[in-house]
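Go by the hints and put chain V onto chain H.
Sequences listed follow chains H and V, in order.
Just so it is clear: in the first sequence, position 146 is 146 by our numbering, and no numbers are missing.
Just remember that our numbering sits 1000 ahead of the position in the second sequence, which is counted from 1.
A couple of the hints might just be wrong.
As the list claims (entries may be wrong) - Listed next, with one range per pair, are the computed distances between beta-carbon atoms:
(1) H/GLN149 - V/ASN1372: 36 to 42 Å
(2) H/LEU42 - V/HIS1133: 44 to 50 Å
(3) V/PRO1326 - H/LEU42: 53 to 59 Å
(4) H/ILE305 - V/TRP1380: 52 to 58 Å
(5) V/ARG1163 - H/PRO168: 20 to 26 Å
Claimed, not checked - A short list of chain H residues far from chain V (calculated; beta carbon distances all over 10 Å):
(6) THR118
(7) LEU123
(8) LEU212
No lab work stands behind these hints, which were simulated from the structure alone.
Positions of the beta carbon are idealized from the N, C-alpha and C atoms, including for glycine.
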Amino acid sequence: MKNARGGSRRIRLLVNFLGPFLGLLLVVLIFSLLPQVQDRFLRLGNLKSVATQSVIVALGALGMTFIIISGGIDLSAASNIALSSCVVAFVINAGSPPWLGVLLGVLTGGLIGLVNGTLITALRMVPFIITLGMLGIARGAAKWMAGNQKIDAPITWVNQLMARSPRPSWLLMAPGVWLMILLAVAMAVVLRTTVFGRHVFAIGSNEATARLCGIRTKLTKVVIYGLAGIFCGLSGVMEFSRLTVGDPTVAVGLELDIIASVVIGGGSLNGGQGSILGSMIGVFIMAFLRNGCTMMGWPNYIQEIIIGLIIIVAVALDQLRYRRDS
Amino acid sequence: MDESQPPLLRMERISKNFGATRALDEVDFDLRPGEAHALLGENGAGKSTLIKILSGAVKPDGGTIWLEGRRFAPAGPLESRLAGISVIYQELNLAPHLTVEENIMLGREWHGFGFLRRRRMREKVREALGLVHHAEIPPDIPVRQLSVAARQVVEIARALVERARILVMDEPTSSLTGEDSQRLFGIICRLKSQGVGIIYISHFLEEVQQVADRTTVLRDGRKAGSGRMEEVTLEHIIKMMVGGEVKELFPQVVHQAGEDIIESGELKGKRMAAAVTLALRRGEILGIAGLVGSGRTEFLRTLFGLDTVESGRVRVGRDEVLGGGPRQRIRKGIGLLSEDRQGEGLALSRSIADNLTLSFFAPYVRAGFLRNKQQRKAGWEWIAKMKIKATGPGQPVSSLSGGNQQKVALARLLHQNATVFLLDEPTRGIDIVSKSQIYEAMGDLASRGKSILFVSSYFPELLGVCDRIAVFYRGRLVELRPTAEWDEEALLAAATMGKPAAR
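Pulled out of the complex, with its shape left as it was, chain H reads as follows (with noise of 0.2 Å):
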């Protein structure tokens, strides 16, 4: 009764953890056999480029990760990396030193952030009104500083953070990839192995039980908010390193990406649920299929009714499994 399938367990939590890592590897294997792409898709230079396209999506999912697994949402994100590029735009525009504009940009991010978590806990209001809200007002703001056109910058070496042929050339890739890499690994350490993120999982489970149990819940939620700020505002630098301006348009809509991404590596938009790899898969799945479809010279209609049908089928599958565990 305690433990009724303790035998097949470990093959189940195999099966979970593998999971995500099917569909990726299904994505690739299709497109790899499809003939009219067989000979590009897995070449190097293309895993590259799709690496270094999805870092903006990828910084902005860690976050999003920690946000969605506490039973959260953040629609402001993609607002949010907009706000944080023009803000670097702004200042390396100003002569100030490069280093500092990236800085500030990471800044500005964090602080959006802190204003969502502690609106949210100071108001009480449920987190997708705050950051709906939040979405127009980052955005508002990026134009308004901006004066509503394109903000120049010199290029400097921030613009190499995105370069698809890094220099000192054994980097091999983009010096913004290694940088979503080493952050995914350690957001992966804090989720599983620190107090803070099992607190998230608690939080995002059962947030009266949190409360009860001492945890403090609304500090709790305000770090996950801030934290998740600063990754917006890293992903704003990659944005700008990338565009070479501060463009306020930019990433309009990509807030929907990131939590698909999410969604898609097995985050449940209830909480309690999730992980740093998972999400990181989520990433790559949708990277590929957007690379793979352009290689195939597919219209655009078509990537987003594919990737629209990803997130249905990747959350039924998740929940099929979620319901024969309870």
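Just chain V now, kept in the frame of chain H:
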């Protein structure tokens, strides 16, 4: 238990008002180390208020608490927990996604520089599970995969890790099987021998007799009496609980059973463990007894078309009504009162009038528009008929007391002209006066030729109002007899062991 020892806990002259109602009136309560002290009383008697005061969730208006000889005035739940008071509530407080170990250590994780010390926590968790003799529960399995009984053990283990000196158990056996209850009593005995004081709240008086050393009975916010368990009889406890109201609790209305009106033939639903055959007669009140989880609710829901029918048939009058959902059943004159009044039975934020007419809007609709005036008028009528205490039909149901909410739910079935009433725990959690009124309404319905299936976990009310009683045990209907051939012992035996005691 050692009576010479100073009490672990002493609550003196505790009072608490909620608005105009006096929830607690100078109640005394004490607990010695290694003792199980039963706290008894009807719903609304003040038990939960007293516990909330002890656990720091509610501040008393008057009185003092002494914890191991020192004054204790908890500012909040956390302070109370840190002082060694653990409450295990009816609805368990676990995070379903987290593992056993993560739940047990939640909020007091051992760590170095923020990093979890898993190996040492694992040892601690194993030790705690061992202390309650349930070392077989794997620490790394998510709690949602455990049975209810195992979850309860996890909660107790958590209390032990917190070094609880006082453990409050609120209806701990209400969702356990007989076997699991016995195991729980074993754990309680071991905790007692370790000097933990236990406050035990339960409606099941038999098990209270088995577990508790002393008892205190509350009634209407006052202490109605207390004593050592071996010195008080069950009759005496019941008398203390209900006071002088016990006589008119089951008003008898003469009614006569007629022909079969609804019949379930080998009916098996998706969530039912076994097929059930049962026929309800016109003008009859048929009781269904059984423990929570014995399949009574699933049977009712299958009959009503809320759960999918897998096999068998349902006949109403002369018609087979197997397919179709609740909508079609309502048309056939069947009405269901949900056991989950607040979650499913009522739209809490909506008005009395809306809730009342929800299942039968037709009289108030003209060309697709709702005629508010007529709806309100019907609201006033039913408020008067059912003696609902409310300011008017526009009052939201959420602001009514439990008993009055239940009257609205019952009135809905009457309003939709039901002839067969499937009532699932209609008196759960409501005050005695409302209970009595609902019993009377049931008798009244039967006398007018309506039929009632009455599911309840509380045997005295079944014995008090039913014509026949069927007992469910682990998904099966095990025995059906006229009420005159049942008594509480026989019902209990059938509900907990699947076979009625020899008579």
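Do the hints match the structure? See the list:
no. : hint                             : verdict
1   : H/GLN149 - V/ASN1372: 36 to 42 Å : violated, 55 Å
2   : H/LEU42 - V/HIS1133: 44 to 50 Å  : violated, 57 Å
3   : V/PRO1326 - H/LEU42: 53 to 59 Å  : holds, 55 Å
4   : H/ILE305 - V/TRP1380: 52 to 58 Å : holds, 55 Å
5   : V/ARG1163 - H/PRO168: 20 to 26 Å : violated, 58 Å
6   : THR118                           : holds, 22 Å
7   : LEU123                           : holds, 21 Å
8   : LEU212                           : violated, 6 Å
Comparing the model with each earlier hint shows violations of hints 1, 2, 5, 8; every other hint is respected.
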